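Listed below are the residues making up each chain.
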Amino acid sequence: MITYVIKNRLLLIIFLHSFCFQSYSQNIEKIKKADTVYIYFKKGKGQVHIKEKTPSPEIKYDTYIFSFDNIKKGYLNEMTILHRSRLNHIERKEKKPFLIKNKDLIVTYDFLTKHNLSEMTELLNNKKKVYLINYDDIGWFTIKLKEVKVIGVFKPSIE
Amino acid sequence: MFSSCFLLVFFLFSSCFLLVFFLFIQCDSTENTIESIKKPYVTSEKVSLANVLSVLKNPVILNQTETFKTNTQESMTQKGGEKPNLYFTKIVKGNEYTTYLLLLNSYSTKNPYFMYYVITQNATTEKVGYLKYIPDTPIAFIDIKSFSGKIQILDLKHRIRTESRILNGQPQKQTTAVTARTTDDCTSSTSIITHYCGSNAAHSPGQNCTDPTRAYYEVLITTTCPYVSGYDNSAPVPNEFMNPSEGGAGGGGPNAISDLTIFFEGILSPKQKMWWDNYNNDPQKQEIITYLNQKSTNEGILFSLDMIDQMRTNFGLILDVDASSKSPANIDRSSIPHDLTKPENQKFNAVYDALKDSPEFKKLFIDLFQDNNRFNVKFLIGNIASGASGDTDTDLSNPTLNTITISPSFLLNNNKMTIAKTIAHECIHAFLNVKLCDAGQGMSIPTLNNMDFYNIVNQQYNGFNGSQDQHNFIYNFMLPTLKIILADMKDTLVTPAESQSLEELFFHPISPTQDVPFNWNDFYLNLSLGGLQSCTFFQNEIGTIIIDANGLPVILNTIDPVKMYFFNKYNQYIHDNLRH
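First to last, the sequence lines map onto chains A and B.
Mapping the first sequence onto the working numbering, position 63 (from 1) lands on 63, and the numbers just tick up by one.
In the working numbering, each number is its position in the second sequence, counted from 1, plus 1000.
The set of hints was computed from the structure by calculation and includes no laboratory data.
The reader is advised that the hints may include incorrect statements.
No more than 30 Å apart at the CA atoms, straight line, and that leaves these computed lysine-lysine pairs for DSSO-like [claimed, not checked]:
| no. | chain 1 | residue 1 | chain 2 | residue 2 |
| --- | --- | --- | --- | --- |
| 1 | B | Lys1342 | A | Lys32 |
| 2 | B | Lys1563 | A | Lys43 |
| 3 | B | Lys1356 | A | Lys53 |
| 4 | A | Lys42 | A | Lys32 |
| 5 | B | Lys1157 | B | Lys1271 |
| 6 | B | Lys1326 | A | Lys128 |
| 7 | B | Lys1362 | A | Lys128 |
| 8 | A | Lys51 | A | Lys114 |
| 9 | A | Lys155 | B | Lys1271 |
| 10 | A | Lys93 | A | Lys103 |
| 11 | B | Lys1563 | A | Lys114 |
| 12 | B | Lys1362 | A | Lys127 |
| 13 | A | Lys51 | B | Lys1356 |
| 14 | B | Lys1342 | A | Lys33 |
| 15 | A | Lys53 | B | Lys1326 |
| 16 | A | Lys149 | B | Lys1490 |
| 17 | B | Lys1356 | A | Lys129 |
| 18 | A | Lys155 | B | Lys1295 |
| 19 | A | Lys96 | A | Lys51 |
| 20 | A | Lys60 | B | Lys1150 |
| 21 | A | Lys53 | B | Lys1563 |
| 22 | A | Lys128 | A | Lys33 |
| 23 | B | Lys1356 | A | Lys60 |
| 24 | A | Lys51 | B | Lys1362 |
| 25 | A | Lys129 | B | Lys1326 |
| 26 | B | Lys1362 | A | Lys114 |
| 27 | B | Lys1295 | A | Lys149 |
| 28 | A | Lys127 | B | Lys1342 |
| 29 | B | Lys1342 | A | Lys45 |
| 30 | B | Lys1295 | B | Lys1326 |
The structure presented is a predicted model; accordingly, all values stated were derived computationally and were not measured.
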């Protein structure tokens, strides 16, 4: 019996950890309706994490960039995601099952880049809270959520 | 001849002439202060000649006052040959006495002085005289704080009964024998008039009132000197009276007609006077009076006259006097009232109110063109067919009339700094349109080696026929001015939290490892470049951005990657970080 429980827990932990590497087909309608959404980030192609210099070690400036793929279109096709600890951008910890529970509200790089950048920016900017889940902040049992602000496309006006 | 046994009267005019200030007190403040002076001990109002004649008892004074009916005195002739304004200012000090004042002459080369006819009246006595201000240098109006010259009290035969020397608003010791012994003999007292709000005078300052004429206080200082000169048996010279002067009273009160207002009315041409007396123009008239009270200088008077002329000659133009006085053009905001149900109106007016507080905005065209000529701009909020944020339309048959339309969706979806930039941008279009239409002006651009405006336009910008030629001009010459205007407004339109969020930004124009911190100068520059992205100079120096079929911006070509990066990044951050 004990062996059975341990086995099952181990399987669950392995499953949850491997969750992060998978791409889910999120339901955009659910995301539109939600007050809070989560952005999943993993450093790699099209995804950059910059730790900016700060006035003191207690202050953290993290910048995450999602490149929307087309190099010719240059910098216009970047989504910039900012975490600034001084602007009351909070950090919080959750237990690993949080990922399963909120899987429909977690947007990934693949999901975002399949859509229009300005549409995605507007979608995320209209949420009460947006958190970023960095792959590097996922532990065996807990995950770290960072509150962020999303900066998207600039459409020059005609004047 | 004066008898030494008579009391010597000296009107110390620097005090008697007064400090009038009116506190337009919004109804939610200073209730405690108000209570003590609610009772109207001193009142002022404008009354007709007939009204004055009906209350006079002394036959000499009555006869003298009746002569104003025919008014043949040369000194009373106003500019344009008009009759002077025959409304007296009546000031009642409780049951002590009443003063009636009539402005007879304003300063001119021919008659270089100001003259008033003064009657004081109490229960038993009426006194009359002339009050004469003789400035040392030509002035358009009397500002007692800075007045230098002589003040005289004359009897009905125009003999000097007392004379006071004033230097920079301060009374000087007397030197003539006919005057008061010394100015030290005089004492001053203060009276407050409460002008109520509403037709039934139901609301005093500090109380809610929907009437457009707000309640206010008028403060008078009266100085009396106990030593008076002799007087004629039948028409004694007054020894005390009040004068609601200095910048002039009135302000919001329809009955409070100040000396300044009387003076101003006196210099109006017949056509200006016709506009002034039309009750339909009362709101603008009150704005002008308020403005004059704040800016009672020659410049202020000339500006007020221009306001009247513009509204008089351009039917439908309703200028915002205060906004115009602080803008590079005459501004009509009448189509954008402060309507709480229309957030776009609220936002536009909040931005414009900040814009008019920018000193650089007022002199938008002066630095480059050294041009003080003004034109009219009517602002509208409305949809623009091209989908643009703002549009400027100039009436080619009357190029001084411009209409600037701002899109309501642009107002609702953008922050105030961006809106301010767009308004200033459109004002530049209006100015260039006016200049383009006015080929005969021969204007030069001093900062460009005095090149003729038309040569530079034609040689370098192919005229203003192409849609982007004005943008090229703005790109090359107006960006420094736009940056200063935006810097002037930053503290008003950007909250401290928003400033902090911007100042914590970093840019990586070369590589992610090279940080470039945010700076305000780049912020102002890149914000000002918004709207210019389609002009030739932008495309040749920075690159080409188009909006694709899906409404998305696409960079077709990059000339300077760093500039292009900053243009996009700064404007992204401005759009997404500034929410108000």
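Results for each hint:
| no. | hint | verdict |
| --- | --- | --- |
| 1 | B/Lys1342 - A/Lys32 | 28 Å, holds |
| 2 | B/Lys1563 - A/Lys43 | 27 Å, holds |
| 3 | B/Lys1356 - A/Lys53 | 39 Å, violated |
| 4 | A/Lys42 - A/Lys32 | 23 Å, holds |
| 5 | B/Lys1157 - B/Lys1271 | 35 Å, violated |
| 6 | B/Lys1326 - A/Lys128 | 40 Å, violated |
| 7 | B/Lys1362 - A/Lys128 | 41 Å, violated |
| 8 | A/Lys51 - A/Lys114 | 27 Å, holds |
| 9 | A/Lys155 - B/Lys1271 | 51 Å, violated |
| 10 | A/Lys93 - A/Lys103 | 16 Å, holds |
| 11 | B/Lys1563 - A/Lys114 | 28 Å, holds |
| 12 | B/Lys1362 - A/Lys127 | 41 Å, violated |
| 13 | A/Lys51 - B/Lys1356 | 41 Å, violated |
| 14 | B/Lys1342 - A/Lys33 | 28 Å, holds |
| 15 | A/Lys53 - B/Lys1326 | 43 Å, violated |
| 16 | A/Lys149 - B/Lys1490 | 22 Å, holds |
| 17 | B/Lys1356 - A/Lys129 | 37 Å, violated |
| 18 | A/Lys155 - B/Lys1295 | 44 Å, violated |
| 19 | A/Lys96 - A/Lys51 | 25 Å, holds |
| 20 | A/Lys60 - B/Lys1150 | 72 Å, violated |
| 21 | A/Lys53 - B/Lys1563 | 23 Å, holds |
| 22 | A/Lys128 - A/Lys33 | 11 Å, holds |
| 23 | B/Lys1356 - A/Lys60 | 39 Å, violated |
| 24 | A/Lys51 - B/Lys1362 | 44 Å, violated |
| 25 | A/Lys129 - B/Lys1326 | 42 Å, violated |
| 26 | B/Lys1362 - A/Lys114 | 49 Å, violated |
| 27 | B/Lys1295 - A/Lys149 | 48 Å, violated |
| 28 | A/Lys127 - B/Lys1342 | 25 Å, holds |
| 29 | B/Lys1342 - A/Lys45 | 47 Å, violated |
| 30 | B/Lys1295 - B/Lys1326 | 12 Å, holds |
Figure legend: structure checked against the earlier numbered hints; hints not met, in rising order: 3, 5, 6, 7, 9, 12, 13, 15, 17, 18, 20, 23, 24, 25, 26, 27 and 29.
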